[in-house]
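Enquirer: Go ahead and model the full structure; you've got the sequences and the hints to work with.
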Amino acid sequence: MKRPVQENLFEEGPPPRLLGSRCRETGELFYPVQAMNPVTHREGTMEQVALPSTGVLLNFSRIARAAPGLPSPFAIGIIALDGGPTLTAQLTDWQDVELRTGMPVEMTLGCVRTEPDGTSLIGPQYRPAGGSRT
Amino acid sequence: MSGVYVVAAGMTPFRQHPDTAVHELARQAVWAAITSSGIDPEAIELAYAGHAYQGQCFGQKALLKIGITGMPIVNCENACASGASAVWGVYNAIKAGQADIGLALGAEKLSGRGGGFTPMVADDLESIMGRVMPAVFAMMARKHMERYGTTLEQMASVAVKNRRGGVLNPYSAWTENITIEEVLAAPMIAEPLTRLSCCPVSDGAAAVILASERVVRRLTGKPVAIRAAVMASGRRNDVGMADDNSEMTIRAARQAYEIAGIGPDEIDVCELHDPFTIAELVHCEDLGFCAPGEAGPLALGGHFDRDGAVAVSPSGGLLARGHPLGATGVAQIAELFWQLRGEAGDRQVPDARAGLAHTVGGGVTGIEAGATSIHILTR
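First to last, the protein sequences are chains P and V.
In terms of the working numbering, the first sequence opens at residue 1 and continues consecutively.
In terms of the working numbering, the second sequence opens at residue 1001 and continues consecutively.
Simulated from the structure, these hints should not be mistaken for lab results.
From a predicted model like this one, the values you see are computed outputs, not experimental measurements.
No residue lacks a Cβ here, since even glycine has one placed at the ideal position from N, Cα and C.
There's no promise every hint is true.
Which residues of chain V face chain P? A few of them, derived with a C-beta cut under 10 angstroms, are [claimed, not checked]: (1) L1046; (2) E1126; (3) I1128; (4) G1130; (5) V1136; (6) A1141; (7) V1239; (8) R1341.
Expert: Structure follows, in structure tokens:
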């Protein structure tokens, strides 16, 4: 059994993309989807959009001892999406890579958590995309 | 403006209490505050009870055991800042003239919850997906190391110093000191934080009794004044607490110093939010005890030791006194009460006149964190 970790969080694609909101008045992108603009405090100005699938790793940690339901070990990072918002998500395909700040990453979908009944929760993960930018 | 004073404090040891109900732990802490001060339980006019996971009407369940019933009892949850929120609530009620004598209690029982990391904010998206607290503070550490050159040894020295405080503190479970080498060699939890860089899972309760200017002299000859009680929540932020400073703490501290008319250079003793070693360094900078980037070398040099320029977490802090979430903020006020009255035993800070307590609570995606509190106390 598997299901999305949260409804209306991503589209499967390919390529998979996170869903967010763009304000028609200010152009600002938000993640995840927002009911209203929390910066302008206005309602009815947001439209749902697919967010960029690539970004840059700003920070990361490898967690050796996981909490129940999480992969063990696992890695997590802060990712600034290209032209979009910044978010925290699990990394994947990191075991044989020297993670570093500024590393380009791209989104994939994977099991981010396993429920006590064995259900896999599917959500965004980011893997190294090769090359380096700052 | 009329003052608000701490007139009594009590707490249980912070350790695993698997066979004691949380309400009983809370009763013991309240009763210790009452018996150590001789204050009549019937004189307490209101109470705030801080906790994160103890269920509905937790405060009433604890206080009915002593026979404290009938008056307003407000339960409050603000994650790791729940206990501090209870103190803030009682302070404001007395300040507003709602009562002359009020009780703030905090308690938490974390043992028996399956072990592992402290439970997360249950329905928070990024927490569900793995943004566990050790990972957040590990990234705080990486950022501080990259920006300022803070070293693993400097961070480890915080654990060593706070363990020294915990060993001297009868309310701590720790009995043995540790070395920097032992901290660095301990099993890795979240790079670069090892197990000895993280606070333990513990249970416990703490209580303080606050009084108005009008009645304080009837209750004690050694009151401790609360000169500022400030709370704030995190502003919109997309990295949470995983940064090299806490804007929320800086903002609340500035406000508290202004209200108290006391600057950071006048603080003798500080109990701050140190669930992980790096947090103490970051918050010493946020609270103005040194400039950004200076805390690492200063910590290693003893600046924040009990006999240093400002004694930080002489109780052992969250790292070595323990961190039963809802109890922590109240325990910090209790520790300052004892320090400022010269009653802190082997861990006494020499001639402590002014103290500051600081908590941070709640990992919430989209803001820096749920809550912060700053209390400034003087003898």
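Enquirer: So which hints don't hold here, by number, going up?
Expert: Those not satisfied are hints 1, 8.
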